[in-house]
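Asks: Given next are the chains, with one letter for each unit.
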Amino acid sequence: MRLHPFRLVEPDSLAGAIDALGRLDGDARVVAGGTALVALMRLGLVKPDRLVSLHRVPALDEIRIENGSLVLGAMATHADIERARIVRDGWPLLAEAVRRVATPAIRTSGTIGGNLAYAEAASDPAPALLCLDAEVRVVGPRGARAVPVAGFFRGFYEAALEPGEIVSAIRVPAPPAGARGGYVKYTSRSAEDKPLVGVAALVVLDASGRCADIRLALGGAAPTPIRADAAERVLRGEALTDSAVRAAAETAARHADPLSDLMGSADYRRQMIRVWVRRLLVSLRDGPS
Amino acid sequence: MSLSFTLNGQPCTIAAPDHWTVLDLLRDGLGLMGTKYGCGEGVCGTCTVLADGRSIRACLVLAAHARGRVLVTVEGLQADGRLDPLQTSFAERGAAQCGYCTPGIMLAAKALLLENPAPTEHEVREALSGNLCRCTGYTKIIEAVLAVAGPR
Numbered sequence: 006m007r008l009h010p011f012r013l014v015e016p017d018s019l020a021g022a023i024d025a026l027g028r029l030d031g032d033a034r035v036v037a038g039g040t041a042l043v044a045l046m047r048l049g050l051v052k053p054d055r056l057v058s059l060h061r062v063p064a065l066d067e068i069r070i071e072n073g074s075l076v077l078g079a080m081a082t083h084a085d086i087e088r089a090r091i092v093r094d095g096w097p098l099l100a101e102a103v104r105r106v107a108t109p110a111i112r113t114s115g116t117i118g119g120n121l122a123y124a125e126a127a128s129d130p131a132p133a134l135l136c137l138d139a140e141v142r143v144v145g146p147r148g149a150r151a152v153p154v155a156g157f158f159r160g161f162y163e164a165a166l167e168p169g170e171i172v173s174a175i176r177v178p179a180p181p182a183g184a185r186g187g188y189v190k191y192t193s194r195s196a197e198d199k200p201l202v203g204v205a206a207l208v209v210l211d212a213s214g215r216c217a218d219i220r221l222a223l224g225g226a227a228p229t230p231i232r233a234d235a236a237e238r239v240l241r242g243e244a245l246t247d248s249a250v251r252a253a254a255e256t257a258a259r260h261a262d263p264l265s266d267l268m269g270s271a272d273y274r275r276q277m278i279r280v281w282v283r284r285l286l287v288s289l290r291d292g293p294s
Numbered sequence: 218m219s220l221s222f223t224l225n226g227q228p229c230t231i232a233a234p235d236h237w238t239v240l241d242l243l244r245d246g247l248g249l250m251g252t253k254y255g256c257g258e259g260v261c262g263t264c265t266v267l268a269d270g271r272s273i274r275a276c277l278v279l280a281a282h283a284r285g286r287v288l289v290t291v292e293g294l295q296a297d298g299r300l301d302p303l304q305t306s307f308a309e310r311g312a313a314q315c316g317y318c319t320p321g322i323m324l325a326a327k328a329l330l331l332e333n334p335a336p337t338e339h340e341v342r343e344a345l346s347g348n349l350c351r352c353t354g355y356t357k358i359i360e361a362v363l364a365v366a367g368p369r
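Residue numbers (our numbering), protein chains in the order written: chain A, 6 to 294; chain B, 218 to 369.
It cannot be assumed that every hint is accurate.
As the list claims (entries may be wrong) - Some chain B residues judged to face chain A by a derived CB distance under 10 Å, without partners named:
(1) W237
(2) D241
(3) V260
(4) C276
(5) A328
Simulated from the structure, these hints should not be mistaken for lab results.
In this text, a Cβ means the ideal position worked out from N, Cα and C, and glycines have one as well.
Could you build the full structure based on these sequences and the hints that come with them?
Replies: The following block contains the structure:
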């Protein structure tokens, strides 16, 4: 079965892409790796008249360090990010989360910019980027701006992108010194599926074992990826005792706003949030078994 | 649009409509029927081919994005009339039943072996996690891949 016909525009600069996107010439969509968009087009859920491809924009897939932060070009693929030495060494939480995206063949094509712009609640990288206080660099007809990832997801499959705007890069500050991080993903159907619930955490324990810094974020727990602020407050300044961890997990589950879908009901998701938040925090406390 | 890329070791130039995917290009543009259409949404894995040595889903990648890349399909696994060791191993071990998933699985396995010539069974399972065999003959498939993996 063929895709519904569209015209493909392949600009060789971001300015050209913004210009192409802004033309009043039917419905236009940006295509990066195509792993989400082409699947939606195949299902007939979207039928754009034009696609604006970012493949010819030079250097948009760069992975580099800039003033101590990691900068991922929007077109950096999950496969490149998971293999990049600088990511594995300096941002292991992100490498771990990106490695859990779908299957190897999807990771070859799927991009980090596309993943965020798609604004899916069940994103694997999003909870890690929320914990890392990353920001999304956006360019558009009115110039460039940076949006914290925490403010980038506006609603169900809705990113904070104005008409004509394109994600150009993600900036990820270095994790705090001494941070331990982890990402766990629970899938209810098969291992390579989207997460029913994904949990990312970064924790810095002080000399007495108390949480000097604790960041917790969830995928699949609400219409968008979210920080679990209330659960973080339960743990800040506290030791990761079994009872504190349990209280934080209960709080995360109670404050979540999960949806029901084919992977599981909202109630089941809430139960799984409680279970997987607890398991992740215990494993960060106890170290690798 | 006109597209140039390397296909199974040979330079290739072909005209294709904007809305074609790599799968349309291979099957309808070039008559290479080894790469199968399964789900069309990137889930089943039977359209898996190699692009620059890594596995991709031909049904999800726009044909235009193949420009300048090095593609390998099941037709290109053999060299000089000799089967790739993976193909021999699949044949010897009966790792194909109906065969519809086989090209995609062999290319997913090829991508793994190119990057990691001596994978563990867990790594093989992980690499093939996105390739569905509706005959459910996974055991022999995994044995066939492990049989050509180098010693660890």
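Asks: Take the hints in turn and mark each one as holding or not.
Replies: Hints, verified against the model:
{"no.": "1", "hint": "W237", "in the structure": "holds (7 Å)"}
{"no.": "2", "hint": "D241", "in the structure": "holds (6 Å)"}
{"no.": "3", "hint": "V260", "in the structure": "holds (8 Å)"}
{"no.": "4", "hint": "C276", "in the structure": "holds (7 Å)"}
{"no.": "5", "hint": "A328", "in the structure": "holds (7 Å)"}
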